[in-house]
Amino acid sequence: MAPTAASLLLTAALALIAPGLARAQPAVPPRPPTPAAPPQPPAPAEPRAPLAPPEPPQALAAPLPLYQAGRQQEARIAAEQVLRKLPADIEALFVAIRIAQEQQRQDDAIRLTEQMVKHHPGMVPTWELATQVYQEAGDRDRRDMALRQLIDTQASSIDRTLRGRPFVQRDRIIAHGRRLTVREHFDTASPDAILFLFLSEAEVPKPLNYLMLATDSETTANWREAGVIAPGKRAFHLDSVFTMPNGRQARAMYAAWPDRPDYDTLRAKVLEIIKGDAKPMAGPIGGLAVPLP
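Note that the working numbering numbers the sequence shown so that position 78 is 139, with each residue one more than the last.
Derived by calculation from the structure, the hints in this document are not laboratory data. In this text, a Cβ means the ideal position worked out from N, Cα and C, and glycines have one as well. Keep in mind that a hint or two might mislead.
Keeping only pairs whose Cα atoms sit at most 30 Å apart, straight-line, the calculated DSBU-like set for lysine-lysine is [claimed, not checked]: (1) 146 with 179; (2) 267 with 340; (3) 340 with 330.
Simulated restraints, written as ranges between beta carbons of each label pair [to be verified]: (4) 329 with 148: 33 to 41 Å; (5) 269 with 149: 32 to 40 Å; (6) 309 with 262: 23 to 31 Å; (7) 205 with 166: 22 to 30 Å; (8) 131 with 269: 19 to 27 Å; (9) 123 with 250: 40 to 48 Å; (10) 228 with 145: 29 to 37 Å.
Please take these sequences and the hints and turn them into a complete structure.
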């Protein structure tokens, strides 16, 4: 059907006013944001088991009481445990060196001695042990150095008892089931003097039976008269001193020298005696009759 004049007129009018109608329409406001959900309180944590308190560090066993009680292997283990944590611990070093000596672990004894010298060069036991260990190792140079240090350290000790000692403990002999402490005395110029004492460790400080290197004016006079020694020389003799059942002491001479023997010669003779290979000499000492053991 053909459009009428009225419809054409309406269409033209709408075309003129439509843009204005589009501009006049209000803008559609944006949708407000959806409000966030209120925060939820955190879920309560599951209860945890209370933490156990840390275990206190385990105390290290003291090696010296174990050693003194004759529990040598336990003492060795205790000393090694202490030294792993405290390499300068003097008690542990002392025990470790003594046990190394007794077990004839010479390399360990030397290593531990050097460790003790490093940490405690101003202590008398350091140089006592060093002198003993180097003696047993046959290292005369280091033995003599340690002996000089021992004498100097003891003479300058702040301990009056040590400083006043008339001897140094210079050696420890472990052989043939015996343990001897060797004391070298300072008073060697007197015509009547004890130069060395070889004491059983089990009897110190009140020995009943021991060996000694001595010199005395009566024996020296007798030997000079007999032509055994020259004028100006002294007689030196290695004696066994033993306590008889009645409590009196007697002596037997095992060796004699027309001059002071060096320490290694003297020590070798002592080893013969404690092994049982040496026999006492007959005759008097200092003009006294000597009962033989």
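Against the structure, the hints:
no. : hint                     : verdict
1   : 146 with 179             : holds (17 Å)
2   : 267 with 340             : holds (25 Å)
3   : 340 with 330             : holds (11 Å)
4   : 329 with 148: 33 to 41 Å : holds (36 Å)
5   : 269 with 149: 32 to 40 Å : holds (38 Å)
6   : 309 with 262: 23 to 31 Å : holds (24 Å)
7   : 205 with 166: 22 to 30 Å : holds (23 Å)
8   : 131 with 269: 19 to 27 Å : holds (21 Å)
9   : 123 with 250: 40 to 48 Å : holds (44 Å)
10  : 228 with 145: 29 to 37 Å : holds (36 Å)
The structure shown violates none of the earlier numbered hints.
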